[in-house]
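Modelling step: build the complete structure from the supplied sequences, incorporating the hints.
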Amino acid sequence: MNIRDYTIQSALKEMRAGTLRAKDLILSCLENIERYTETYNVLLSVAAKEDLLAEAKKIDSSGYDKPLSGIPIVLKDIFSTTSLRTTAGSKVLENYHAPYEATVVKKLREAGAIIIGKANQDAWAHGSTGENSDFGPTSSAYDIKYVAGGSSSGSATAVALGMCLASTGTDTGGSIRVPASFNNLVGLKPTYGRVSRYGIIAMASSLDSVGHMTKTVYDNALMLSVTAGIDPYDATTGQKSVSDYLSAISSLQSLKGITIGVSPDYLTVGKKATDGMNPELEKLTEEALGVFTALGATIKEIDLPHTKDALETYYVLCPSEVSSNLGRYDGIRYGNTRDAFGLEARRRIMIGTYTLSAGYYDAYYKTAQKVRTLVCQEFEKAFETVDVVFAPVSPSPSPLIGEFVNDPLALYLSDIYTVPVNLAGLAGLSLPAGFVGTLPVGIQLIGKQWSEERLYAISNVYEKKTEWYKRRPKV
Amino acid sequence: MKYTPIIGLEVHVELGTTSKMFCSCPADYFGKKPNTQCCPVCLGLPGALPVPNKKAIEQTILFGLAVHSTIAEESKFDRKNYFYPDLPKGYQISQYDEPLAMNGSINIKYQMSKIKNSDQKSKIIRIRRVHIEEDTGKLQHMVVGGKNVACIDFNRSGVPLMEIVTEPDFRSVDEVDQYVRRIQQIIRYLGISGADMERGSMRIEPSISLLDIKYQKSNIKDEELPKYRVEIKNINSFRFVRKALEYEIVRQTRLLESGVAIDQETRGYSETQNVTVSQRGKEDAMDYRYFPEPDIPPMRFTQDQILKIKDQISELPDQKSERFIREYGLTEYDTDHLIDELKTAVFFEKCVIVANTGVFKKANITPKIIANWIINKKTDLSINESQFIQNIASSLVVMTVSDEDIYSAIKHVLRVNVQAVEDFKAGKDQVKMFLFGNVIKELKGKGDKQIIMELLIKELRKI
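Those sequence lines, one after another, are chains A and B. Numbering follows the working numbering, in which position 112 of the first sequence is assigned residue number 112; successive positions increment by one, without gaps. Numbering follows the working numbering, in which position 95 of the second sequence is assigned residue number 570; successive positions increment by one, without gaps.
No lab work stands behind these hints, which were simulated from the structure alone.
Calculated cross-link-like contacts (lysine to any residue; reagent style SDA-like; alpha-carbon spacing at most 25 Å):
| no. | chain 1 | residue 1 | chain 2 | residue 2 |
| --- | --- | --- | --- | --- |
| 1 | A | K91 | B | D561 |
| 2 | A | K370 | B | I771 |
| 3 | A | K370 | B | D572 |
| 4 | B | K477 | B | R704 |
| 5 | A | K308 | A | P408 |
| 6 | A | K300 | A | I260 |
| 7 | A | K366 | B | K551 |
| 8 | B | K818 | B | S712 |
| 9 | B | K555 | A | G359 |
| 10 | B | K551 | A | T373 |
| 11 | B | K551 | A | Y360 |
| 12 | A | K370 | B | E548 |
| 13 | A | K366 | B | D572 |
| 14 | B | K622 | A | G335 |
| 15 | A | K240 | B | P527 |
| 16 | B | K507 | B | S494 |
| 17 | B | K818 | B | R678 |
| 18 | B | K555 | A | Y360 |
| 19 | A | K370 | B | I568 |
| 20 | A | K106 | B | P527 |
| 21 | B | K555 | A | A235 |
| 22 | A | K366 | B | P773 |
| 23 | B | K843 | B | T854 |
| 24 | B | K903 | B | M928 |
Right under this line is the structure:
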């Protein structure tokens, strides 16, 4: 068997039927890790084999009664764990072992999941290609010359290459949705405050969301039903009860009665911001929209005029918070000094320090907060008439490794479709939508706050029709 | 003196909550083994998040209400960013532009002169704001293995700290002294902190500048205030506040008199040398890069919630003093002593009750007598009230003399002081005090003074 052919759903089904053991899953993961992790630069730490097998043995004798019994999971290396070091992809934390575990990690362990390793990422989650990792870039599972997408780069490639059945990520401006789309995966950035951030190293606290990458919508809903909820250790978790995502999934058979919003602002802004959308990607995006129409959905044009300002707003607010959040790595604690900060982290620390400085605060931070409010209001208005908003994830498929290494601004611009969702604290789901050559691409569905069940239901209908997830990487 | 001091104060008070400001570690760190009361949150570990302590917020509002402040209906936390080894997150969670309470005031009394019982004046000190923040860790410099090292104790990190900021309303060191004692008293009455300076749970940072005397009038407008301000840090006793300010007044006077313009600066007070030392000039002024704390949602308070907190305010010193004067016929001098510490006031009132019940009723021990005993005899308040009243009662018995004895003493005194009696008759009323003194001497101090005086006058009239 190869775990690449499984989803969480099918693995659980077989384990519960007695035709598969957790041990088999772990051994297959380890085999894939051994085979690919160095060449694709996927994982920064892997749990000891004997520990993993001991955990699997325990689960194999206990009846698979938990929601994720025996499911091997990879964590982005920004989730604090006591068992493995937590680097955030930065040399500053190269040898940092957290004395406590993130709430999400605890919940996953309690649900029976086995933490198999921790994934490479852009250092401190700064980036959209994975190339800002102080431990080197991660390759796309579908073409080793291309980037995995970031910042949750290793998390995406790990699922696609069969090193686990699901992974965790964080999404501050697209960091789950972009790598998911570059690796033919379903990636959810939940509503801000849906999943606890406690124990997850902060990038920009008011924008950070914690989510998952899986092969299918069902698997993603299953992961969220384990990790979502109020956490007494995170004051920003929403006081909203958790929906039954799994039953929500099968609540729709077609998309009749569903209205999908499409904003021409997205395409025009996308064209202006970058050198235009990749034409093949544009064609695939239109085809995907055609699928939604064919499934019965009504397409409605909506106005999101502040989209053009969202990027500037994001790149003021995000570095401001980054500059504060990275202040604690002062060289006194955690082993390494500030010299170990990479270029992108330094860039953001400097920008953020500037935008918060006396005399500049009003012009930058405060103005950005006002625009942020406008972006929120604009979405609120749109959701009065549509169920979800349809958008691309990225203006192009995976770039070549090194393609943008000397042009950080161009990379910032490629976040155009993902950052508005974080500014407004909404839910965004990235779904496989086909291939440009060897490279997979995704489309994005944006839902209002706390609308994850709706997003899953709509996505599930689309997934059943397209089944892109069945295309495995050729390795 | 040619200059009048213009002083404003920042007072930091650690609240006596059970747990810290943003985590559940115990807040009482005093005397505990270093780094035994900390967790990921107060150590500022990567990924840890603050969850605000409701009790500490309520106590800050409670204090704000007690000093007549306006309570914010909307408030929030902000990050104050700066580097220091005792600040593990690289920022302190504080409040910047939306403090919990604003525009309060406090009434202080101060003696016009050093003479006891001289006229007291009262003055209003305006409180600009009251806000809540977290305390930092503590650096300890020590020698380990023959090396000088700085160690950090994080037990104090994250302890709730209330900051009370006044307007620059003080014009003398005495006023400052009265104010800080008053603040301490109110805080203790509210039961929100021990406000103990020796333990570091109350810390004071005065800002002082000198104003040319020609401006000295009761209302100095903001624009007339000096253009500079010297802030003094690290003061941990009432005595040192006084000394540091006195030192600054002398230092600044000298500078101004020699024509030197004083710059904005931060100075530290050295207890050992009794001087202030420059720490930071204007050009090194910190830019704290305040911005709203994204990890904590903004707070909203309804009028209902504020009223509920207001209900928790027990009787404050001023009200207690007024009531004692009204109910027990005490003087302001008495009540100042009795209310100074809440436990004294409580002891006094319990004694009044005991004195009015059962066996003691007959002894006629008035509240005034009780007050005098408490004030003059430096009573140990740990004894029980019945025992205390018993002591008063027995001593009154010893002191009692019969009216006959008094009469015979008076008669004896009048007999041997013929001249004085003549003078009295001639209208020299004050002579009676001389005679009274002699009667007291004759009785060896026994007997009720008031009765003795009454009887003496009665006898004198007879002659």
